[in-house]
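Trainee: Sequence:
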Amino acid sequence: MITNKDINEIREFLENSNNPVFLFDDDPDGVCAYLLLKKHYGKGIGIATKGPPNIEEKYLSVVKKHNPDLIVVLDKPILDQEFIDNSPCQIIWLDHHPLIKRNNVKYYNPRTNDLDDNRPTTYLAYSVVKTNLWIAMLGCVFDYYIPDFTKEFINEYPDLMAKTPKDPGEAKYATEFGKIINIFSFNLKGESKDINKSMKSFEEIKTPYEIFNKESEAGIYLYKRFEKLDKEYKKLLEKAEKSLNEDKILLFTYLSNETSFTGDLANEMSYKYSDKIIIIGRRKDDRVIMSIRSKKIKILYSIEKSLVGINGYGGGHDYACGASVDADDFERFIENFRKEII
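The numbers in the numbering used here rise by one with no breaks, and the one at position 319 of the sequence shown is 326.
I should point out that these hints are in silico values taken from the structure, not numbers from a laboratory.
Since this is a predicted model, take the numbers as computed values, not measurements.
Do not take every clue at face value.
[Said to hold, decoys possible] When the alpha-carbon atoms are kept at most 20 Å apart in a straight line, the in silico SDA-like pairs for lysine to any residue are as follows:
1. Lys302 - Gly319
2. Lys46 - Glu211
3. Lys231 - Ser208
4. Lys108 - Glu63
5. Lys186 - Gly197
6. Lys186 - Thr171
7. Lys137 - Thr10
8. Lys57 - Glu198
9. Lys221 - Leu167
10. Lys303 - Ser281
11. Lys65 - Ile54
12. Lys57 - Gly319
13. Lys46 - Glu210
14. Lys291 - Lys231
15. Lys186 - Asn162
16. Lys137 - Asn162
17. Lys12 - Asn23
18. Lys200 - Ile54
[What the hints assert, rightly or not] Label pairs and their computed distance ranges (CB to CB):
19. Lys65 - Lys200: 21 to 27 Å
20. Ser68 - Glu183: 42 to 48 Å
21. Lys213 - Arg339: 46 to 52 Å
22. Asp237 - Ile52: 27 to 33 Å
23. Met8 - Ala334: 39 to 45 Å
24. Glu347 - Ser68: 35 to 41 Å
25. Thr138 - Asn252: 46 to 52 Å
26. Gly58 - Arg18: 29 to 35 Å
27. Ser263 - Lys72: 27 to 33 Å
28. Glu183 - Lys207: 23 to 29 Å
29. Arg345 - Glu183: 37 to 43 Å
30. Glu311 - Glu198: 29 to 35 Å
31. Cys96 - Gly316: 17 to 23 Å
Where a beta carbon is used, it is the ideal one built from N, C-alpha and C, also for glycine.
Can you build the whole structure from these sequences, using the hints too?
Mentor: Here is the structure:
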């Protein structure tokens, strides 16, 4: 875990900033970390980042338009040194992916003190603000982590989670709170204009019941978007489950004219079929974008080795990774991966 000194240092940076810019990963962990900081401090511009795992120098042109006095990077595994070197102001970086070395940036990562400490970025943000407990719980559970404030959450929201779950899968797929997580996750998909409206709605929401019970205009909007996307998701889930066979790897791909549910499908399939390694791929243009999950075998190093000589990139955590490869290299990547894990 990051130290109390680190937490106080992050607080000081945010309290002293008048116009922070937040660059965050567009998955629920990154978004929840952003919402925790934005809601608590009530200032700053949020910019969700898609695609490759790194913050490249090209993002500086967007950042500089807002004249920031602080840049806060959240849940991004790679921050390019060129971005740091040409930044107009101080950068603080909160992340939980494998450690990398960079100069002239304040880097906060629980792995600094324990290489096996994989607390999500949402957890780090909550350690700083200690407000909006339900958002903190949501980001942690989505990122497959049961935090030490779970009992506190249960006491406050016993109708959403009645008891401490034995694992994150149970929390996500066997409790009422799991539906809130899906509502949140699905609202981060689709066209940019719809995602932007969902993000504004999330910033307005004060309790999960506004969404769950459709108690406000923002809650109604988020729930309606979820219902529409949930129908699409369930059709894809049914197709994915038909791919089940005796193979150690459950591989399912679908076309880009459908919404990107790779991470959601991979997580649920991994929970249901824990003995399998799950690969869900979405074919978009000339690439295949994948979410890869395993319950029992560490896959990060195998994926990195499988990408050697392949036009693509990938990374993530020991048991949950993403990858993107050229469509022409997809079969070779799968072959390489099989050789690594079998």
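Trainee: Now tell me, hint by hint, if it's right for this structure.
Mentor: These are the hints, each one checked on the structure:
1. Distance hint between Lys302 and Gly319 is unfulfilled; the C-alpha atoms sit about 24 Å from each other, more than 20 Å.
2. In summary, the hint linking Lys46 to Glu211 is supported, as the alpha carbons are separated by about 9 Å, within the 20 Å threshold.
3. For the suggested pair Lys231 and Ser208, the alpha carbons sit about 12 Å apart, so the restraint of at most 20 Å is met.
4. For the proposed pair Lys108 and Glu63, the alpha carbon gap of about 16 Å is at most 20 Å, so the pair holds.
5. With a CA separation close to 19 Å, the supplied pair Lys186 and Gly197 stays within the 20 Å bound.
6. The straight-line distance between the Cα atoms of Lys186 and Thr171 is roughly 17 Å, inside the 20 Å bound, and the hint therefore holds.
7. Between Lys137 and Thr10 the alpha-carbon distance is near 15 Å, which keeps this suggested pair within the 20 Å criterion.
8. Between Lys57 and Glu198, the direct Cα distance comes to roughly 13 Å. Compliance with the 20 Å bound is thereby established for this hinted pair.
9. At most 20 Å may separate the alpha-carbon atoms for a hinted pair to count; Lys221 and Leu167 meet this at roughly 15 Å.
10. For the hint pairing Lys303 with Ser281, the CA-to-CA distance comes to about 8 Å; that is within 20 Å, so the pair holds.
11. Pair hint Lys65 plus Ile54 holds up; C-alpha atoms about 13 Å apart against a cutoff of 20 Å.
12. Proximity of Lys57 to Gly319 is assessed by CA-CA distance (about 16 Å); at most 20 Å being required, the pair is judged to hold.
13. At most 20 Å may separate the alpha-carbon atoms for a hinted pair to count; Lys46 and Glu210 meet this at roughly 7 Å.
14. A hinted pair counts as satisfied when its Cα atoms are at most 20 Å apart, and Lys291 with Lys231 does not qualify at roughly 27 Å.
15. For the hint linking Lys186 to Asn162, the alpha-carbon distance of about 19 Å falls within 20 Å, and the restraint holds.
16. With a C-alpha separation of about 16 Å, the suggested pairing of Lys137 with Asn162 holds against the 20 Å cut-off.
17. For the proposed pair Lys12 and Asn23, the alpha carbon gap of about 16 Å is at most 20 Å, so the pair holds.
18. The hinted pair formed by Lys200 and Ile54 meets the criterion: a straight-line CA distance of about 14 Å does not exceed 20 Å.
19. Checked against the given bound of 21 to 27 Å, the beta carbons of Lys65 and Lys200, roughly 22 Å apart, stay inside it.
20. Between Ser68 and Glu183 the beta carbon distance is about 43 Å. The supplied range of 42 to 48 Å therefore holds.
21. As the Cβ distance of Lys213 to Arg339 is approximately 50 Å, the hint placing it in 46 to 52 Å holds.
22. A hinted range of 27 to 33 Å holds for the C-beta pair Asp237 and Ile52, which are about 31 Å apart.
23. A C-beta distance of roughly 41 Å is found between Met8 and Ala334, which places it inside the suggested range of 39 to 45 Å.
24. A hinted range of 35 to 41 Å for the beta carbons of Glu347 and Ser68 is consistent with their spacing of about 39 Å.
25. The beta-carbon spacing between Thr138 and Asn252, approximately 47 Å, falls within the hinted interval of 46 to 52 Å.
26. Between Gly58 and Arg18 the CB atoms are about 31 Å apart, so this pair conforms to the stated range of 29 to 35 Å.
27. Hint check: Ser263 to Lys72, Cβ distance near 30 Å, so the stated range 27 to 33 Å holds.
28. Distance hint check: the CB atoms of Glu183 and Lys207 are about 25 Å apart, consistent with the given range 23 to 29 Å.
29. Checking the proposed 37 to 43 Å range against Arg345 and Glu183 shows it holds: the Cβ atoms sit about 39 Å from each other.
30. Glu311 and Glu198 have their C-beta atoms about 33 Å apart, which keeps the hinted 29 to 35 Å range intact.
31. For the pair Cys96 and Gly316, the supplied restraint of 17 to 23 Å is violated, since their beta-carbon distance comes to about 40 Å.
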